[in-house]
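Trainee: Sequence:
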Amino acid sequence: MKEIIRFILTEASGFGIGLLAFCIYILFIELIRKVIERLVKWIGIQKNKLIKSKTC
919 MKEIIRFILT
929 EASGFGIGLL
939 AFCIYILFIE
949 LIRKVIERLV
959 KWIGIQKNKL
969 IKSKTC
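Counting in the working numbering, the sequence shown runs from 919 upward without gaps.
Don't read these hints as lab results, they were simulated from the structure.
For every residue, glycine included, the Cβ atom is placed at its ideal position computed from N, Cα and C.
Fair warning: there could be bad hints in the mix.
Unchecked claim - No farther apart than 20 Å at their CA atoms in a straight line, the calculated lysine to aspartate or glutamate pairs in the EDC-like style are these: (1) Lys965 - Glu955; (2) Lys967 - Glu955; (3) Lys959 - Glu948.
Claimed, not checked - Beta-carbon label-pair distances, calculated as ranges: (4) Leu957 - Lys920: 47 to 57 Å; (5) Ile935 - Lys967: 40 to 50 Å; (6) Ile922 - Ile961: 51 to 61 Å; (7) Phe933 - Leu957: 35 to 45 Å; (8) Lys967 - Phe933: 50 to 60 Å; (9) Thr973 - Gly936: 53 to 63 Å; (10) Ser971 - Glu948: 30 to 40 Å; (11) Arg956 - Ile923: 47 to 57 Å; (12) Lys970 - Ser931: 50 to 60 Å.
Based on the sequences and whatever the hints tell you, model everything.
Mentor: Quick look at the structure:
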């Protein structure tokens, strides 16, 4: 009985660690996506400023 409980706990902890790693991976991907999105937006703003300054 002890070995069965130990096995279940070991498997559950492995699953928990895997789930935590997956969540961290998803958060990391979302963070990179947001940073790239803001960078593209910032580059667009800078490009528009440059175009406006050249036309004036």
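Trainee: Confirm or reject each hint.
Mentor: Hint check results:
1. Between Lys965 and Glu955 the alpha-carbon distance is near 15 Å, which keeps this suggested pair within the 20 Å criterion.
2. With a C-alpha separation of about 19 Å, the suggested pairing of Lys967 with Glu955 holds against the 20 Å cut-off.
3. Using a Cα cut-off of 20 Å, the hinted pair Lys959 and Glu948 holds, with the two alpha carbons roughly 16 Å apart.
4. The supplied range of 47 to 57 Å is met by Leu957 and Lys920, whose beta-carbon atoms lie about 55 Å from each other.
5. Here the CB-CB span from Ile935 to Lys967 is close to 48 Å, well matched to the stated 40 to 50 Å.
6. With their beta carbons about 58 Å apart, Ile922 and Ile961 fall inside the hinted range of 51 to 61 Å.
7. At roughly 36 Å, the beta carbons of Phe933 and Leu957 sit within the given window of 35 to 45 Å.
8. Roughly 51 Å separates the CB atoms of Lys967 and Phe933, a value that falls within the hinted 50 to 60 Å.
9. Between Thr973 and Gly936 the beta carbons are some 56 Å apart, a value that agrees with the proposed interval 53 to 63 Å.
10. Distance hint check: the CB atoms of Ser971 and Glu948 are about 35 Å apart, consistent with the given range 30 to 40 Å.
11. The supplied range of 47 to 57 Å is met by Arg956 and Ile923, whose beta-carbon atoms lie about 49 Å from each other.
12. The supplied range of 50 to 60 Å is met by Lys970 and Ser931, whose beta-carbon atoms lie about 58 Å from each other.
Every hint, counting from the list given before, is met by this structure.
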